[in-house]
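Count the sequence shown with mature numbering (1 follows the signal peptide of the UniProt record, and there is no 0) and you get residues -17 to -1, 1 to 350, in order.
If you are wondering where the hints come from, they were derived from the structure by calculation, not from laboratory data. For glycine and all other residues, C-beta sits at the position ideal for the given N, C-alpha and C. No false leads were slipped in.
Keeping only pairs whose Cα atoms sit at most 35 Å apart, straight-line, the calculated DSBU-like set for lysine-lysine is: (1) K186 with K266; (2) K165 with K266; (3) K45 with K186; (4) K165 with K128; (5) K75 with K266; (6) K75 with K186; (7) K266 with K82.
Pairwise CB distance ranges, derived in the manner of DEER restraints: (8) R41 with Q190: 20 to 30 Å; (9) G264 with L124: 31 to 41 Å; (10) N86 with G264: 32 to 42 Å; (11) N99 with E46: 17 to 27 Å.
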Amino acid sequence: MNLLYAFVTLMAIGAFGVDYTPDLEEYIFNPRLPLLSQLNIIDAIPLTNATATSTSNRFPTKEQIIYYNYYAAVNYFYDLQNLTCEYCEKIKPDIADHKVFYNGTHNTLAMVALSNTRKEIVVSFRGSANSWNLVLDFAFLFNVKERGNIKVHAGFYIATMSLYEHVVQAIAYYRQDHPNYKIVITGLSLGGAMARMTLFFLKDRNQFDNATYELYTFGEFRVGNIYFAEYMNSLNITSVRVVHRADIICHLPPVTVLGTNILYDFYFHPQNEYWINGSDGQKFCSQNVYEDASCSNSIGPAYSLVDHFTYFDVNIAGAFAQPLQLASIAFNILPVETSLPPLPKFIGNPLEDLLNTVIGGLVPSLG
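Starting from the given sequences, assemble the full structure and let the hints guide the process.
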């Protein structure tokens, strides 16, 4: 599994222009979607679509979504401390100070940044970047019971708690001088799950009185059961869960296994999905159901791992241009983020560009 993840990371990336996203018309499985969607293998569309609910969440603007996508991306790159990566430059002018936290036991990473220009504290989490992260991702048969009937994914719980106290301390430090700054939490993939769970704990524990929160997740796994989804939907916050076209990660863990609940029956997304289906087909999905069957669920089960690596103009595959970073995915040989220097820019940048152009012409159709 680890080698497959590494291979797809290398192969699944194209040279996209700014805000270019392929739509379903280019997707190789598009003609077969009406037939495949009837299989109802992992999303339980009839159940989720028939269950009406409401939310107190508010949608952000598309401009806000694109901006915080850069925060979600930068955690994958070596040069996070000095903010010199390509996507770092998008947010660096707004950052007055930042702290980076790494947990060596669970190989998790987060950044907490202070922005005086935007009057906010931004918490961003790195997604899966090594073999142990993948173990945490797929520990979906185990769950942790929180208050009441709420249950959450055990792997995401472990990942979140590995950094939680550091994140809380950093937020508290910045709030000493800026108590009215909003707290924005974001992440991609595993990082998206950690972002949502961090917000859950901050709110449930009333960690910061009267704080204003915003949540932006990209390629996020399902995190908890229907009661967890209801709790998240009840929050009076700005929130969005962004899905790129056929990104399979957003449909894991499955709601159902071959149409049954033989293994479990509790993974649901909260609302406020924003679906990226081409440059012209992007939309905010229904807020009246848990998961809108007319958005990304409509593709199931013909999902793709390739779409997980590109969100808007962000392409995280270039982060694995560092040879030892790539090796850490499959073999977890070293905590390369903290123990090894990156390659010089004149070497690393061409390697990054190479990854960002491999089979670019095939990505729109293979997804």
